[in-house]
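Chains as they are written, first to last, in the working numbering: chain C, 1 to 419; chain B, 1 to 98.
Calculated directly from the structure, the hints in this document are not laboratory data.
Treat the hints with care, since some could be wrong.
What the hints assert, rightly or not - Here are the simulated DSS-like cross-link-like pairs (lysine-lysine), alpha carbons at most 25 Å apart as the crow flies: (1) B:Lys70 <-> C:Lys378; (2) B:Lys90 <-> C:Lys264; (3) C:Lys351 <-> B:Lys90; (4) B:Lys70 <-> C:Lys351; (5) B:Lys30 <-> C:Lys365; (6) C:Lys365 <-> B:Lys23; (7) B:Lys9 <-> C:Lys351; (8) C:Lys311 <-> B:Lys83; (9) C:Lys351 <-> B:Lys87; (10) B:Lys90 <-> C:Lys413; (11) C:Lys317 <-> B:Lys87; (12) C:Lys311 <-> B:Lys9.
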Amino acid sequence: MARLFEYQGKTLLKNSGIPVPTGDVADTPARAKEIAAKIGKPVVIKGQVWVGGRGKAGAIKPADTPDEAEKAATAILGMSVKGFPVRRLLVEEKLDVDREFYAGIIPDSSRFTRGPVLIFSTEGGMDIEDVTEDKILRTKIDYVKGLPVYDGIDIAARAGISNELLNKTAEILSAMIEVFKKNDCTTLEINPLILTKDGQLLAGDCRMSVDENASFRHPELKVDIPREFPREPTDFDILGWWVEETDFRGSGFVMTMGNDKSGKGRIGFHAIGGGAAMIGIDALSRVSLQAANFADTSGNPVASKIYRVAKVILSQKDIEGYLLAGFMVANQEQWHHAHALVKVLREELPKRPGFPCVLLLAGNKEAESLQILREGIKDLPGRVEVYGREYVDDSDFIGKRMLALVEEYRKEKETRGEK
Amino acid sequence: MDFKERSIKVNIDITKCPECNTKACVEACKLFDRSILQLKDGIPSVSHLSQEEVVKRGTECLACEYACWKRGRQAITIDIPIKGLDKYLKGIPLTGGH
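Isolated chain C, as found in the complex (with noise of 0.2 Å):
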């Protein structure tokens, strides 16, 4: 599921003849005032992001003229809402409010339905989780027919709409349903759909999600990143995702472990399989140690892949250390990752001597894999230390060893004068 932007969102309802507010997209607050000037009215100045609850975070303000909208523009962009900062804003018209309706289309894989189904609701404007189940509407959709408009009309006609905007809201339901198909959404709902009080009927808000595995038929959404993801992608995890994607022999995962943190302590963590990442997250909780990244290079990934992803790890600013957390006796040859990291350590360490690194590394060819990581490491200026699988279940000396060769370090850098 990648999620779009309520700009994005809207501009797709918009080419599909759904009405939406006039408005355009700014990055600064002078193209927030320049917009808000060519609309020639008030206008609602709203952060893009991906997260909910925008307008208790201070991110949706009105302005009543093009210097209150780059004031307003000023406010929010750079704020942080629930930790997600805000880089883009949507300036629109202010509407006339006098109703507000509810309108999704979700895919419902249950064996009765296998396929979308439509929610209408006269009770919009606020989570449809809180709506009374007596004044929601729900309609399956024939994924090939869509809905037709006489369709539309029976169900606006159901939730009681008026006779005078039947119509209307049946040409809204019904043009979803293609975009909904058009686009390979997930999700699409107008929450709130707005009834002006000039009789108008247009999407106030958008929220759309496409399936990623269908992405690679809409480069024009210009998805970023074609995995499921909680927030929007910082540079860090594209650069991750470019990884990945060069290479699918084996999974080479890297991605930011929350927003943008920093601090001392941050270690640039490389875990091989997902428990074995699990695993050494503790070991460097426990010491006050945080991991600052997720990678995990598993499932038998190629030797140049483990090295592209170990470069990437590397790459990150102030960190402290870099450990391989290979907590588990993995199933694959670990050659590869051995090869793959003694080629890293060699073109990183001299860029930064005394540098902490704990390599563990366990599973097939151990013995060989480990004697290649001695040998290849053996005169380089960093501190490294190499453990084999009797180390595997005692993820308390691992932390305790990283703390410890990150306390050389630190000290080192003090002697140095560098910070």
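Dock chain B against chain C, hints included.
Chain B only, in chain C's frame:
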């Protein structure tokens, strides 16, 4: 001499190879990869394969570079491009999709 695998490029300075007694790269290729490197007139070569076969067989194991560095004449270097890394290191935004 150089050849490309799926996502890497292997460069061999074959002027150093006649002096090499171990031919460790060829042995490594046999052990860790699929013998895409073989000796031809005493020099490692992939000429027994088509370019397509090299790409198909090669597993990008990086073992030849290590073996040559450790036991040979340091004649092999492998280029592994990482899309976006230079930009990231310079702080140039990679997001551009939205």
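Hints violated by the structure (numbers, ascending): Nothing - there is no hint that the structure violates, so all of them hold.
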